Amino acid sequence: MTRQRRIAVTSPQTRLALAGGRRGVPPAPPHLAPADAERARRIHRRQLRYALIVLGLLAALLLGLPVLLAAAPWLDEVRFAGIPVSWLAVAVLPYPVLVALAWCQLRWAERTERPPRRARGRG
Amino acid sequence: MIFAIVPVLLITLLIGARGVAAMRTTSDFLVASRRISPTVNAAAVSGEYLSAASFLGVAGLVVKDGVGAFWYPVGFAAGYIVMLALVAAPLRRTGALTVPDFAEARLGSPVLRRLAAVVVLVIGFLYLVPQFTAAGQVLAVVGGSPYWVGVVIAGAAVSITLALGGMRAATYVQAFQFALKLVLFIVPAIWLVLHVGPSTRANALEPVEFTRFPAATQVQFRLDTELTITEPTRVSIGGGPQQVLPPGRYEAHAGTTWVFDAGAAVPQVGAGRPPGGREWERPLLDPGGYPVLATWSVLIATVFGTMGLPHILVRFHTSADGHGARRTAAITVGLLGVFYLFPPIYGLLGAVLLPELYLSGGTDTVVVALPARVDQSWVGSLFTALLTAGAFAAFLATSLGLLLAVSGAISHDLVPGTLRRLRFTPLGAAAVAVLLALPAARVDVGVLVTSAFAVAASTFCPLLVLGIWWPRLTTQGAVVGVVVGLISSAGVIGVDLFLGTPPGLLAIVLGQPALWSVPLAFATMVLVSLRGRPPAWAAAAMLRLHLDESEAGSAATDDFRPPRMS
Chain A
1 MTRQRRIAVT SPQTRLALAG GRRGVPPAPP HLAPADAERA RRIHRRQLRY
51 ALIVLGLLAA LLLGLPVLLA AAPWLDEVRF AGIPVSWLAV AVLPYPVLVA
101 LAWCQLRWAE RTERPPRRAR GRG
Chain B
124 MIFAIVPVLL ITLLIGARGV AAMRTTSDFL VASRRISPTV NAAAVSGEYL
174 SAASFLGVAG LVVKDGVGAF WYPVGFAAGY IVMLALVAAP LRRTGALTVP
224 DFAEARLGSP VLRRLAAVVV LVIGFLYLVP QFTAAGQVLA VVGGSPYWVG
274 VVIAGAAVSI TLALGGMRAA TYVQAFQFAL KLVLFIVPAI WLVLHVGPST
324 RANALEPVEF TRFPAATQVQ FRLDTELTIT EPTRVSIGGG PQQVLPPGRY
374 EAHAGTTWVF DAGAAVPQVG AGRPPGGREW ERPLLDPGGY PVLATWSVLI
424 ATVFGTMGLP HILVRFHTSA DGHGARRTAA ITVGLLGVFY LFPPIYGLLG
474 AVLLPELYLS GGTDTVVVAL PARVDQSWVG SLFTALLTAG AFAAFLATSL
524 GLLLAVSGAI SHDLVPGTLR RLRFTPLGAA AVAVLLALPA ARVDVGVLVT
574 SAFAVAASTF CPLLVLGIWW PRLTTQGAVV GVVVGLISSA GVIGVDLFLG
624 TPPGLLAIVL GQPALWSVPL AFATMVLVSL RGRPPAWAAA AMLRLHLDES
674 EAGSAATDDF RPPRMS
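From first to last, the protein sequence lines stand for chains A and B. The opening position of the first sequence corresponds to residue 1 in the working numbering, with each subsequent residue numbered one higher. The opening position of the second sequence corresponds to residue 124 in the working numbering, with each subsequent residue numbered one higher.
What the hints contain is simulated information worked out from the structure, not anything from laboratory work. As the structure is a computational prediction, the values presented were derived from the model and not from experiment. None of the hints are false.
Here are the computed distance ranges between Cβ atoms for each label pair:
no.: 1; chain 1: A; residue 1: W74; chain 2: B; residue 2: V331; range: 17 to 25 Å
no.: 2; chain 1: B; residue 1: P658; chain 2: A; residue 2: W74; range: 54 to 62 Å
no.: 3; chain 1: B; residue 1: V234; chain 2: A; residue 2: E77; range: 54 to 62 Å
Think of the CB as a built atom: it goes at the ideal place given N, C-alpha and C, for glycine as much as any other residue.
Between the sequences and the hints, there should be enough to build the whole structure, so can you do that?
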């Protein structure tokens with residue numbers, strides 16, 4: 001291994017903070033061009049809506065499943081391949097659902113951010 | 124058997140050294156990392172995330188608390204959905220590596236920055252201590268040494284790795300750690316399932332309550348334990364002659380070995396439930412008679428806490444942009460989903476084959492202890508070695524990430540000083556974690572880690588979510604909300620840990636406060652903010668986080684500046 005200069009890794013925010021000179025306000029108060037602000041507002045609204053839909057589905061799964069299992073103890077007796085269905089419902093079932101929700105959210109979020117007409121070639 | 128961990132250490136150091144050499148000319152985080160694909164980065168996130176709590180703690184909680192413990196990994200994985208939906212991309216665009224950074228970027232408040240750094244310390248140590256207790260217990264089981272020796276060895280291993288500069292921020296090391304942990308966890312699980320024979324498999328799926336010892340059973344007490352014996356029991360204590368104990372309460376001292384005769388009744392320990400009973404079989408967490416509330420509380424803590432874990436947030440900065448950060452979070456859900464299919468297998472087999480761990484208080488070691496119980500030959504030893512190596516890799520990856528995050532908070536945010544001090548702060552933090560871990564042997568790894576999640580969910584989750592999505596958040600609102608969240612989560616958990624768990628509904632309210640502390644912190648932040656007035660630039664500060672970098676013009680591109688030399 002050759003000896004090379006070590007470079008301290010700090011985040012830009014940390015550098016700004018270490019550089020000093022700001023009290024109460026960021027060094028340069030952030031601003032957006034009116035067109036950018038308008039587009040950002042639209043994206044923000046739409047992203048929030050999609051996020052809330054996905055989180056609503058997640059809440060339905062994670063809050064609903066315990067209620068279902070508490071209300072239907074007979075699920076412990078029903079067996080699939082010898083394993084109680086109620087166990088499978090916790091140990092296996094949630095993971096594919098989570099992956100599907102993640103995939104859905106990712107698709108929606110990326111589509112909102114980059115409308116097809118302005119899609120770029122990079123991934 | 125201690126030698127099982129040596130290869131892990133060596134390989135980690137080697138990859139760390141090579142990875143750092145390849146990326147040393149510029150900073151790993153800021154430039155070289157931009158070539159890292161979201162998949163590799165997701166593996167790195169998973170590698171850092173899978174701690175001793177996932178590797179050992181979940182299976183241990185299944186043996187101890189029952190099938191309801193299956194919920195812990197569900198929450199651990201689901202946290203990344205919330206991360207993906209609400210936090211990953213906008214946070215990456217702030218250029219903030221940590222929550223204190225984010226506080227400064229979004230609200231421009233040094234006070235909030237320092238407060239957030241304090242919270243990082245609380246979360247960091249709540250998460251670090253169980254890593255050290257788990258490592259100590261595993262080394263004690265595998266090497267036969269006392270618990271404190273294991274903790275000290277674990278502390279020494281971490282300190283040596285830190286001193287040699289291993290595992291800096293290199294993404295490849297963490298990605299490798301994930302692959303290693305996955306293989307070291309899955310292969311032994313499959314071997315165990317195939318090897319135990321049909322009767323054990325059937326027993327695992329149709330558990331019988333552990334009320335009588337099926338064969339003469341040796342129980343090694345690692346902690347002072349109070350046993351309640353309900354009928355005359357034949358037992359030999361500490362190698363002495365067999366005697367019949369009349370019903371009553373007995374104290375088993377730490378370090379003694381009791382050999383219970385075949386057919387003897389299993390004594391009761393505290394308020395715990397022996398593995399295999401009716402209540403144990405129910406797939407809900409139930410410490411005090413309110414199964415739905417208790418399960419919800421753990422889920423809320425883990426799902427909302429993930430976004431506030433300091434060592435995980437740093438990883439998202441390794442993505443090239445917000446887009447990459449989001450993909451990283453999405454892929455992480457899948458990778459963790461594969462890993463988390465397996466802890467229940469260890470838990471169920473452990474409940475059948477090693478139910479006596481419930482007596483000795485060593486349930487966290489069930490994963491490592493299983494192979495030797497199934498196969499006494501060299502094959503069993505080999506798998507014990509593999510699992511020990513995996514557990515140690517889990518301990519190492521998470522502890523190093525946390526130590527760096529904690530020392531970053533100390534030397535950047537709390538006591539800003541030269542970067543040279545940063546080199547020694549992790550060693551100091553490791554020493555503190557070892558000292559805290561020594562008296563904490565009795566606390567379950569999974570439970571303490573979930574407390575760390577609860578603190579993160581009650582403090583950083585509202586700060587990040589409202590900061591990213593709500594332009595009206597004010598500094599006062601954020602400060603008051605974080606303080607309220609910290610007191611109602613960490614304060615209450617501290618009361619619970621030191622004064623003991625009360626019965627009934629209070630057990631959930633105090634032991635697992637996320638169910639009420641998270642909404643309380645959100646409400647406080649919103650109400651206090653509504654009484655104040657955000658600065659004029661607040662809306663722009665929030666909106667620019669939602670603009671894609673490639674189209675945003677000058678917005679949100681602060682982080683493209685070259686790093687400062689030191």
